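One letter stands for each residue in the lines below.
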Amino acid sequence: MAIQTITPKSPAGTSRAAVPRRVPPLVTFIAIRLLRGFGVLVVLSVLAFAMVRSLPGDPVANLIGPYGTEDQRAALAESLGLNGSILTQYFSWLGRVLQGDWGTSVFSGLPTLQLVADRMPNTIELAVLATIISIAWGIPAGALAALHRGRALDTIVRGLTFLGMAVPVFAFGVIIVLVFTKYLPQWPTLSFVPFTTNPLQNLASVILPAVTLGLPLGSTLCRFTRSSMLEVYEQDYIRTALAGGATTLQATIRHGLRNASAPVATIVGLQLAGLIGGTILVENVFAIPGLGQLAVSAITQRDYSVAQATILLLGAIYVGMNLVIDLLYPILDPRIGGRR
Amino acid sequence: MTTTTKTQTAPREHAAPAGTPSGGRPRRAPRAPGALRRWAGGAPGLSVGIGLLVLLLAFTLLGPLLRPFGPYDSDSIPLLAPNATNWLGTDDLGRDTFVRLAVAARTSLAVSFFTALIAALIGTAIGLIAGLWGRWVDATLMVIVELVLAIPAILLALCAVTVFTGSVPTVIAVLALAAIPEFARLVRARCLELRELDFVHSARVSGVASWRIALRHLVPNTLPVIAVQFANTAAISILLEASLSYLGLSVQPPTPSWGLMIFEAQNYMSESPWLAISPLITILALSIGWGLIGESLAARRRSIV
Chain A
1 MAIQTITPKS PAGTSRAAVP RRVPPLVTFI AIRLLRGFGV LVVLSVLAFA MVRSLPGDPV
61 ANLIGPYGTE DQRAALAESL GLNGSILTQY FSWLGRVLQG DWGTSVFSGL PTLQLVADRM
121 PNTIELAVLA TIISIAWGIP AGALAALHRG RALDTIVRGL TFLGMAVPVF AFGVIIVLVF
181 TKYLPQWPTL SFVPFTTNPL QNLASVILPA VTLGLPLGST LCRFTRSSML EVYEQDYIRT
241 ALAGGATTLQ ATIRHGLRNA SAPVATIVGL QLAGLIGGTI LVENVFAIPG LGQLAVSAIT
301 QRDYSVAQAT ILLLGAIYVG MNLVIDLLYP ILDPRIGGRR
Chain B
341 MTTTTKTQTA PREHAAPAGT PSGGRPRRAP RAPGALRRWA GGAPGLSVGI GLLVLLLAFT
401 LLGPLLRPFG PYDSDSIPLL APNATNWLGT DDLGRDTFVR LAVAARTSLA VSFFTALIAA
461 LIGTAIGLIA GLWGRWVDAT LMVIVELVLA IPAILLALCA VTVFTGSVPT VIAVLALAAI
521 PEFARLVRAR CLELRELDFV HSARVSGVAS WRIALRHLVP NTLPVIAVQF ANTAAISILL
581 EASLSYLGLS VQPPTPSWGL MIFEAQNYMS ESPWLAISPL ITILALSIGW GLIGESLAAR
641 RRSIV
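For the record, the sequence lines run as chains A and B.
Under the numbering used here, read the first sequence as residues 1 to 340, first letter to last.
Under the numbering used here, read the second sequence as residues 341 to 645, first letter to last.
Everything labelled a hint here was simulated from the structure, so no lab data went into it.
As the structure is a prediction and not an experimental result, all values here were calculated from the model.
Cβ atoms here follow ideal geometry from the backbone N, Cα and C, with glycine treated the same way.
Among these hints, one or two may not hold up.
Stated by the list, open to error - Under 8 angstroms between C-beta atoms, here's a sample of chain B residues computed to sit facing chain A: (1) V394; (2) A398; (3) L402; (4) L487; (5) L587; (6) G588; (7) Q592.
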């Protein structure tokens, strides 16, 4: 009865129930996520395109130099797709990008596609490994802190995670490099080994950067897991489980973690943006030949086709990893999609 | 002083379950000194955060006056260890680290404050418009906001510095752009809550104009949310700015900047680690300062609501 006296103010609840369901909510959920990922890529492509177009000066004149003939200019303008309106320019550029024609690196003379293709696996490896590390320590630590709420362990975890959120990733990396080069000189700290050359050595050279990236990322995750778990502990089903004779640990593992996981997955998704930024930094600290390192050197060297490609691909990695997490949602929480 | 005691005693979590949290606390009390325990307890409060910011502000304003060195003058022996003349030693070009650190603090303080300020103003405006207008305005604005929110800030920054080259205004503009969506979302959500409350209804029924409702009734009620987000944005901006300048994409040398100082110190890490450690400590101090302010404001908000 009490509920009914409140509800008339907001008619949303009643009208919603009356609408017949046509599309399964899960399909809408995934469709929205796909659409968003697509939108991000479109915006990034416009930015990457506009980035080069809005540079001061005429790109044709810049590339061809003062001694080019009129025919050469026309040919170059044609090959750069600089003819026609800005919209046709964009679409012809996009068409070439989608066909894999990414231009040539002005700096190294190599095809951009080859440059980025060599580096992409390293970046993906680092990003995935760092995500796994952040989840592997962040979620258990958060759950433990929630379990020990107010006690020493909780205090330590919260202090460390606060520090983890405040310390810049690159500085953390610099410290790790310093410590390892000084006390463990035989460790391949600054010498990246490609996976194809030696998988074991590769893992050894990637694990430190991944830890550098994963530990601070896990801090945020840990804090959210903790507060999410604390919320779960107040739910009726936990009380019921405890009343039924389950220990706190059993209740946490059987009911708590599963229910706390959906909000935590949201945080993992949101953190991917930070992860992309982090890979750029960590690659530069640890001298890993990845997209992030390439992006920064391309920008400082004004190597625009490479800069465009790296920004697009870093965006693509971000969207791709986000999609994987979105697809995990329905598994973690079968109710997902019902509300949105 | 009242604020201090309030934050320290305020419960950290919303709706604390009765009886559970305080179980272990009193027993530990005699072992650790009070101030230390409060600090470690994660509730050091607003005052420590504000204190750190004030300290850094004093450092940046007074620091260069204390020492007879300029931030660009190579007038000492390179790579000196900290001593009586060069309090924090000198860098590879013989410049005084203490003075450079103090001057660099201006960049970081300015970036953190103005990024948060610009993002708060624009984000709040967008959130208010979306929350009050509703319908298609809301829908359009939120789609844009979601989209910007989904683009990693660092990629936006990379695009921007490619075109405009790294400088403080560019960095502030980009970081603010990246921070606007979160403000807009929070303010909008709060507006939707407030819109249904009686005082807004009665204002509307009495014929008060929408903008007046927004400014007189909604904004004051959203301020706590905005304040928390302001501090968090400032804390994140410090780290992003330091990261960008470490990559050489923000302030250009020889202008001193903390991230750049760490980058330059990297080559001399084993001989003179203090070169990297002093900017690291100031970065930490600033981001922890803002972080503490954000945390304690959020805790206070939760305890009031």
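Going down the list of hints, with the structure as the test:
no.: 1; hint: V394; verdict: 18 angstroms, violated
no.: 2; hint: A398; verdict: 21 angstroms, violated
no.: 3; hint: L402; verdict: 25 angstroms, violated
no.: 4; hint: L487; verdict: 5 angstroms, holds
no.: 5; hint: L587; verdict: 5 angstroms, holds
no.: 6; hint: G588; verdict: 6 angstroms, holds
no.: 7; hint: Q592; verdict: 11 angstroms, violated
Hints 1, 2, 3, 7 from the earlier list are contradicted by this structure; the remaining hints agree with it.
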